[in-house]
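Visitor: One line per chain: the protein sequences are E and P, in this order. Its first residue numbered 147, the first sequence is counted upward by one per residue in the numbering used here. Its first residue numbered 684, the second sequence is counted upward by one per residue in the numbering used here.
Think of the hints as simulated: they come from the structure by calculation, not from any bench. Computed from a predicted model, the values in this text were never measured in an experiment. Warning: the hint list may mix true and false statements.
To be verified - Derived DSS-like pairs (lysine-lysine); straight-line CA-CA distance at most 30 Å:
hint, chain 1, residue 1, chain 2, residue 2
1, E, 259, P, 875
2, E, 259, P, 943
3, P, 786, E, 438
4, P, 943, P, 875
5, P, 745, P, 733
6, P, 786, P, 875
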Amino acid sequence: MPLTSASFSRSPLSFWRRYRSGILLLTPLIVFLLCFYVIPLTNLLAQSFSFSSGDANRHDGWTFYQYLKTYDSARLGRVLSRTFRISLITVLITLVVSYPLALLLLRASRRLKTAILILTFVSLASSLIVRNYGWVVVLADGGALNSLLIGLGLIVQPIRFMYSEGAIIVGLVHFAIPFMVLPIYGSLLRIPPSMREAALSLGASEWACLRNITLPLSLPGVFGGTMLTFAVSMSAYVTPLMLGSPSTAMISQVAAEQLLVQLNFPWGAAIIVTLTVLTFLLVAAYASILRKVFRATV
Amino acid sequence: MQQSSEYQATGYQTIVRAIGWLTIVFLFFPVLLTIIVSFNASFFIEFPPKALSIDWYGNIAKIHRIGHATLISALVALASATVATLFGICASLALVRTELPAKAAITAFFVSPITIPMVAIGIALIQFFILLGTAFTWYSLLIGHIVLVLAYPIRTLVASLTLSNMSLEEAARSLGATRLQVFMTITLPQMKPGLISGFIFAFLISFDNYPISIFLVRGGLTTMPIELFNYITQNLDPTPAAFSSLYIAIVSIIIFFAEKRWRIISYAIH
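Bound-form chain E, shown alone (with noise of 0.2 Å):
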């Protein structure tokens, strides 16, 4: 008996000993983080299963109410589809756009590098509001694009452009690509530059070696940045909100109203649970695809 409560209490004790640095540097900042970061998410999974003031047939307890509600609201159905489609052609479009440019930036000499890298954080950090107002600059009835169209005479009538999925998925690509290049060129940069060489001087053509060396060996960082984009286009609010209508919103926005204007929190809360959840298990589902498929380490 005395040997195992010894054991018993030396066995933290040791864990102490062991990581005791580690811990002392760790503690502020998981104290922060329990505070201010897990408990207020709890509460707000919490309250997503709850009754709001204004619900029929309200109880005390616990209730699926909110996310039956969320399931069986059509425009809701309508909102969620919108928001995956919107997400999925923009993770598409950005790729698409994105890869060249990582190359190029490979391939380019020091100081283009450093003029396209500078121009892309440039992009990355001025304020989403002000790109988002640029766009509404080129898109909108009196805006370049138009007027640039009705100057070549290829339409009499201004187009439309804004208020629509189109200028949604615009605004998105926009600001999703420095987050799609700069980990595609990261992993780029990580592939041996022999290795190309080793296969052009062995008579590959260019194409060759994109298709069978380059391509495969950037996938880490084309997952990387394709997981990213769809993330931050699935919970998407702002640019929605600038260039959409409401005939447009996605799932943010739908959330964000429940909470602003309707006072609704128990329902706004289950439908922000309804995104986060979603990505997360749409990206996840996405990563197990990718390990199995190209035996990838994502």
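Assemble chain P onto chain E, guided by the hints.
Guide: Here is chain P on its own, set in the frame of chain E:
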């Protein structure tokens, strides 16, 4: 055979290069047009401008409470970036230089706020602050922004510490330097690039945030993105274009010099 494969190669390379350049044009296009429109004399957004003026720059002050809001945004960004960087120093030292169980899981937890929808963080925090009775105060806004930006300095600091040379510290210790001396004279200078890039990213992301702030502010407490957004939705004149051009100019200058001086971009890529 050889001829045709070479022909194909140049063809595909031209396409790749063309798409790459088009993407750069696409990235810069709205920025360029915003700058042009900001010098437009007309009251409405009009392209190409018929007459030029710089009046809209003078009109920036007319955006409701913009000076006050920009000051609050700058202070909150400064404070949240500072706190996040200090947390980041502790976290990166613990994760890179000490022995700990489940390091991967701890790191994933620390950077997880990036993957949670910002609206969810905003909603969760405001409900929590209402329960605590501290909603709509500057320090609850600050706490929201620390959660928002925390992941960035942690990532850049872990990167720069992983790249740094630990044998220098061991040499200094064996030559009799105290732990504090080693930290101040060797470890901290080696962390500098990650420290600076993490701080700058945290600052810019906090300064720009709308989806978290919109839940945490009310009344006299307001931020720059919120006032800019309100002005854009309520007015049609090019004043926001003037403000945006100014903003882009300042951000470009900061990034240009930070890259020249500290190579912040290379640390963000790793």
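Visitor: The structure should be examined with respect to each hint, and the outcome stated for every one.
Guide: Hint by hint, here is what the structure shows:
Using a Cα cut-off of 30 Å, the hinted pair residue 259(E) and residue 875(P) holds, with the two alpha carbons roughly 23 Å apart. With a C-alpha separation of about 13 Å, the suggested pair residue 259(E) and residue 943(P) falls inside the 30 Å cut-off, and the hint holds. Using a Cα cut-off of 30 Å, the hinted pair residue 786(P) and residue 438(E) holds, with the two alpha carbons roughly 25 Å apart. A hinted pair counts as satisfied when its Cα atoms are at most 30 Å apart, and residue 943(P) with residue 875(P) qualifies at roughly 14 Å.
As the CA atoms of residue 745(P) and residue 733(P) are separated by approximately 24 Å, the hinted pair is consistent with the 30 Å bound. Pair hint residue 786(P) plus residue 875(P) holds up; C-alpha atoms about 23 Å apart against a cutoff of 30 Å.
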